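Here is how the chains run, residue by residue.
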Amino acid sequence: MTLRLTRLTLTDFRNYRSLVWRPAARISAVFGPNGSGKTNLLEAVSLLVPGRGLRGARSAEFARRGPDASGRWGVAGRFATQAGPMEVGTGSVPDGTADRRVFRLDGAAPRNQGEIAARVAAVWLTPQMDRLFVEGTSGRRRFLDRLAWALEPSHAREVAAHDTAMASRNRLLAEARTDAAWLAGIEDAMARHGVAATAARAGLVARLNAVLEQGAAAPFPAARLALLCPIAERLAAGPALAVEDWLRETLAANRARDAAAGSATVGAHRADMGLADAESGLTAALASTGQQKALLIGLILGHAALIAEARGFAPLLLLDEPCVHLDPERRAALFAALARLPAQALLTGTDAETFFPLRGVAEGLRAGGGELRPDEGFPAVAPVPGAL
Amino acid sequence: MGGPEIERLIGMLARLPGFGPRSARRAALRMLQQPEARMLPLAAALNDAARAVRPCRLCGNLDSRDPCSICTDPHRDRSLICVVEGVGDLWALERASVHRGLYHVLGGTLSALAGTAPEDLNLPPLLARIEQGGVAEVILALGATVDGATTAHWLSERLKPLGVTVTRVGQGVPIGGALDVLDDGTLAAALRARRPA
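Going down the list, the protein sequences come from chains L and X.
Numbering-wise (our numbering), the first sequence opens with residue 1 and increments by one.
Numbering-wise (our numbering), the second sequence opens with residue 1001 and increments by one.
Bear in mind the hints are in silico, worked out from the structure with no lab data behind them.
Treat the hints loosely; a few may be bogus.
[Stated by the list, open to error] SDA-like mimics (lysine to any residue), calculated; alpha carbons at most 20 Å apart, straight line:
(1) X:LYS1160 - X:GLY1170
(2) X:LYS1160 - L:ASP179
(3) X:LYS1160 - X:LEU1080
(4) X:LYS1160 - X:PRO1118
(5) X:LYS1160 - X:GLU1131
(6) X:LYS1160 - L:ARG311
(7) X:LYS1160 - X:SER1079
(8) X:LYS1160 - L:ALA180
(9) X:LYS1160 - X:LEU1123
(10) X:LYS1160 - X:ILE1130
(11) X:LYS1160 - L:THR81
(12) X:LYS1160 - X:GLY1115
[What the hints assert, rightly or not] Pair by pair, the computed Cβ-Cβ distance ranges are:
(13) X:LEU1162 - L:THR137: 51 to 61 Å
(14) X:ALA1092 - L:GLY368: 23 to 33 Å
(15) X:ARG1194 - L:ALA108: 53 to 63 Å
Note that this is a predicted model, so its numbers are computed, not measured.
Cβ atoms here follow ideal geometry from the backbone N, Cα and C, with glycine treated the same way.
Modelling step: build the complete structure from the supplied sequences, incorporating the hints.
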C-alpha cells in the first residue's frame, strides 16, 4: 500500500525560491516561527492533486514575490508507487495568463485531471477547519466532498455537473424565462447528477463509519459521521432511479418558490455533514474547539485507512498545526495512530518539542528563509522506500 | 522579429483552435521557408474554401453545394435525421460510416450561463423538414455534458408533438469496458439506457 512522496521540488513558489526536499521518513514534522513557510510546504504538496489546494487559492497567488522573482511558479513531486516511480508537476503556464495552471504526469500533459486524481490522493486538516462547525453548511459539504473525491475520483465531476445545472436553473428563474421544456431539461440534469453525488457521499459515510468502528483511528477517539440530506434518506429506502424521478418532480413543483428564494430549496447542494464522538455521542456542534478538532482528526485518520483499503494506497496526510487545541492525551493518541497508519504524513507546528514523542519515527525539519533544515533533535530514521 | 507581415501571420494562426503562440510560430516558419510549395497553395485553398463553402440551408452542414452533398444524396435514408451540435460531430459520424440517414446541425446547445437560448439554435429548418412529412425518426446525438443533455431533453419535448419518434444515442458501458470500473453516473446512464437482450 505505497504512495510515497520521495522528492519535492519548488520553484518560485510562495516564499520558496528554489527548494529540493527528499523526505527522509514516512512522517515529517516541520516546525518554525510564524511565516517561516511551513503551511506553504503543505500547500505545495496539496497542489499535486487536482483542486485549489489547502488554502483554496488562485494560481496567480502562488508565485513568489520579489525583485528577482520570475512571476511564474512550479511544484513537482516524485512518488514511489506500487507500479513504480511517478512524477506529477503543476505550475503556471510560461506563455499564458498568471491564473492558468497546468499539470504534467510523467513529463506529459495528462488527458484530464482525473488521471492524476486516480493515482495520487491527499487529505488535509488546517487551522481554518477549526471553524467548520460554527460556519455555514457549504464548508462542511466541501470537506465531505473532498473526502468522497479521494475515495471516488468521478465524484468531483458529478458535483460540478450538478452545480452547473443548478446555476443554469437559477439564471433562468431569475430572468423569469418560462420555457418549461428548457427548465425540465436542466432539472433532469440536476436530478441525475445530484443523486449520483449523494450516492457517492452516502457510500463514503457508510464505509468510513465502518472502518472507524473497526478501530482504524485507534488509539485516537473515533468519530461517527452522518450525511444530513433528504436525497440520501430516500436513497437508503429505494432505488436511485426512483429518487431521480422524485427530485425531478420536486424541482418542477418548486419553480415559483425557488425563483423567489433565488436558489433551489431542495437538492444535493443543501446536504450537510454531522459529526459526533462515537463513544459519548457528543455532537461537533455542541463540542468545545479542542473536541471538534479531535473529531476531525479521528475522521481524517479513519479516512486514510479507508482509502488505503479501497484504493490500494493511503492518501498523503497534510496536517497543519494538528496539535493546537489538543490535550496531551489526545496528542499522544494522534502520534500513536500516525505511527500505526500506512499513510505518509506531513505535520507542522511552531516548536520542535511538540513532536519529540515522534523521534525515531519521524524526521524533524526546521523551516525558515525559504529552506528546510534537518533538526538535530531528531535522529535519522529508516529511509522512505523508493527514495533516491 | 521579421516585420509586421510575419507578426500578423503568427497572430492570426495563434487564434485558430489547436494553435498557441508557439505552434503558430512553428507553422509560420515552416510555410515561410517554402512559400511556393506550402504557402501559396494554402493561401489559394483558403481563398477557394472561403468563397465556395456555405452552410447548407436544409441541415446546416458546411459544403460548396447548397443543399449539401449529403442532403442531395439519393442513397440516403430520408426518414431518419440525426441531430448534432456542430459540423465537427457530423464529420465524426460520417468518418465512422454508422449513419446512413440525413443530418441536422443545431449550431450549439442551450446554455443559460453562456446566454444561448432556444432562439439562438438552428431549429426552424428542422421543424420545417419534419412538417413537410416523410421523417419517421429523429436521433439526438448531442454530447453527454450538462448543456448537451439539457438540449436533448428540451428538443425531444419540442419534437414529440410533431408525430416523429425521438431517440437519443446510448450512454453507458463502453465497448470493451468492465462494469466494476465504471463510475456511478455512467452506471446509472447505462441502466437507464437498457434494452431487451
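Mind checking the alpha carbons of LYS1160 (chain X) and ARG311 (chain L) for me, to see if they're no more than 20 Å apart?
45 Å, violated
Hint says 23 to 33 Å; check whether the CB-CB distance for ALA1092 (chain X) and GLY368 (chain L) agrees. 56 Å, violated
Next item on the list: State, for the Cβ atoms of ARG1194 (chain X) and ALA108 (chain L), whether the hinted interval 53 to 63 Å holds or is violated.
Entry: Given range 53 to 63 Å: violated, Cβ gap about 38 Å.
Take the C-alpha atoms of LYS1160 (chain X) and GLY1170 (chain X), compute the straight-line distance between them, and say whether it is at most 20 Å.
-> 19 Å, holds
Check your understanding: Is LYS1160 (chain X) close enough to ASP179 (chain L), meaning Cα to Cα at most 20 Å?
Key -> Satisfied, since the Cα-Cα distance of roughly 16 Å is no more than 20 Å.
Restraint status (C-alpha distance of LYS1160 (chain X) to ILE1130 (chain X) at most 20 Å):
This hinted pair holds, its Cα atoms lying about 11 Å apart.
Fill in: Restraint status (C-alpha distance of LYS1160 (chain X) to PRO1118 (chain X) at most 20 Å)
Distance of about 16 Å is within 20 Å: holds.
- [ ] Starting from LYS1160 (chain X), check that the Cα of LEU1080 (chain X) is at most 20 Å away, please.
- [x] 15 Å, holds
**Study point:** Supplied distance hint 51 to 61 Å, evaluated on CB atoms of LEU1162 (chain X) and THR137 (chain L)
**Key:** 45 Å, violated
20 Å Cα cutoff - pair LYS1160 (chain X), GLY1115 (chain X): With Cα atoms ~25 Å apart, LYS1160 (chain X) and GLY1115 (chain X) exceed 20 Å; violated.
20 Å Cα cutoff - pair LYS1160 (chain X), THR81 (chain L) = With Cα atoms ~54 Å apart, LYS1160 (chain X) and THR81 (chain L) exceed 20 Å; violated.
When you check the alpha-carbon spacing of LYS1160 (chain X) and ALA180 (chain L), does it fall within 20 Å? Distance ~15 Å between LYS1160 (chain X) and ALA180 (chain L) Cα, so the pair holds.
Against the hints set out earlier in the document, violations occur for numbers 6, 11, 12, 13, 14 and 15.
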